[in-house]
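Asks: This is what each chain is made of:
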Amino acid sequence: MKKVIMGNHALSYGAMLSRTQVIAAYPITPQTQVVELLSEMCADGTLDAKFIKVESEHSAMAACLGASMAGARTFTATSAQGLALMHEMLHWASGGRMPVVLGDINRAMAPGWSIWTDQNDSLSQRDTGWIQFYCSSNQEVLDTVIQAYKVSEKLMIPSMVILDAFALSHTYEVVEIPEQEKVDAYLPPFNPPYRLTPDDPHAFGGLTAPDHYLELRYKLQKDMEKVPALVEETGREYEKMFGRYLGQVDDYLCDGAELVFVTSGTAGLTARVVVDELRAQGIKAGNLRIKLFRPFPFEQVRSILSRIPKVAVLDRNISYGHHGVFYQEVKSAMYGLPSQPAIFGFIAGLGGRDITRDSYKEIADYTLKHDRPEEEIVWIGVKQ
Amino acid sequence: MIEIRFHGRGGQGTVVASKILADALAKEGNYVQAYPEFGVERRGAPVFAFIRVDNKPIYDKSRIYTPDHVVVVDPTLVEAIDITDGLKDGGYIIINSPKKPEEFKFPDKFRVFTIDATDIAVRHQLGTLAAPIVNTAIVGAVVKILKLTKLESLIEAIREGVPLKQEENVQAAIEAYEKA
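Residue numbers (the working numbering), protein chains in the order written: chain Z, 3 to 386; chain A, 72 to 251.
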């Protein structure tokens, strides 16, 4: 069934179709509508889940963790300062191997107070041990929630499904809502190997002396390394059942390109339009949209970019004192390869400043005119 | 691809108007993208809503700066702001007003249409005389003037998407469609 829905509700439908059993959340703009719709679904019986009202995002994640330990499929959603407040609990989720799925509406961090999009909220959580998916359309948001549960529960690692504030959260698009029976066939019920139950008591998250802690982290990393292959496998399986492939990256005309944009989020789809426009002018451009950010899809990025002369990475985020985070990751992926592109790093669109086709044309112009980047960061659209 | 900008005031249902139009367009197999102004809305303040429609997937996720057409839900905005900002040459301006199109002074490169959606809404008891809900009526006129969808698709979208007074809204849309 096709429906015209906003990105916030694409998250809600994804959680509903995944038969989420416990939802705990605290409202924050622009996320609020995600949990509003879920609370209505819980109230009218559309979704057989427990909706737990809490007093903060920290408590929301804590409630999700308790439920997850007891063997329930859990969901929450937040934005910006809300995600920051969850930070401690994010480590508990991954370290405790609890496969919670969290929807994060990318919103810039305050101050200056902002409700508009950039990626600094989720990228600040890069090292918490969560899988991160950056989505570009409402369809992708819905589909990715379902896939995220499958990946997370197989490896017992939590996932963030991330979308841009307003450009997706409040934007209506046509979305194919999959049939419940087919989703059930794709995503079996959550059945963890260990759970918190009086019938078989276990302690979770106890004191771990130096003779065991290192091994816990080694195992988390080893399982994180399995994510790319599992995303590939579950993405192909999803395609077989629902007709839409869900991969680590979206490669648009990169093969044989002279210039490839590396992008993410909604700006990663606008880039496709610019690629077509540049090609119409005889410039062989391509677009590599990164969907899976953690773990970073090193293998695919290397194989796609290693034969490209020029790569322009667009970051809607910044690691202060260094540069854009995707730029760092791409450079790290290409380091030491015998054939390396010239890699340029651009920052644009912080705090919801629009990233337009003209922004990309500026990026393409700079990249084509220079053999090497003259500065570590090329800023797009800064008012002087 | 067609891009349309709606001008209204907070509380008039401008965003809902663009959503109903998106629903109707999607029913005929179109790809649509409809969004409100990115930010906070205040009752009575000028608000915007935007819609893109195409027969193929829409990849441009940037905002609309040069719409093909504009729809003015609140006629007082014609004096208050520049509703033609970025409007493409040959663009249509559809205004909710009892006046005749020629009574509005716009450059010749635009085509002006009027529909008295407020009168239609009030007669169908949509909202109050002080705060009529004109969105279904204005969309009825928009669909006809821009030849966007069949009336039946719009009626279906209103029945499914409007929470209250579905039949009154449907009748208002039909009347506006016929008068436009």
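None of these hints come from the bench; they were simulated from the model. Note that the structure is predicted; figures quoted are calculated from it, not measured. The reader is advised that the hints may include incorrect statements.
To be verified - Computed cross-link-like contacts, DMTMM-like style, restricted to lysine to aspartate or glutamate with a CA-CA straight-line distance of at most 25 angstroms: (1) Z:52 x Z:202; (2) Z:4 x A:131; (3) Z:286 x A:131; (4) A:218 x A:174.
Asks: None of the hints should be skipped; say for each whether it holds.
Replies: Now the hints, each set against the structure:
In summary, the hint linking residue 52 of chain Z to residue 202 of chain Z is supported, as the alpha carbons are separated by about 23 angstroms, within the 25 angstroms threshold. With a C-alpha separation of about 21 angstroms, the suggested pairing of residue 4 of chain Z with residue 131 of chain A holds against the 25 angstroms cut-off. Using a Cα cut-off of 25 angstroms, the hinted pair residue 286 of chain Z and residue 131 of chain A holds, with the two alpha carbons roughly 19 angstroms apart. With a C-alpha separation of about 24 angstroms, the suggested pair residue 218 of chain A and residue 174 of chain A falls inside the 25 angstroms cut-off, and the hint holds.
Violation of the numbered hints given earlier is absent; every hint is satisfied by the structure.
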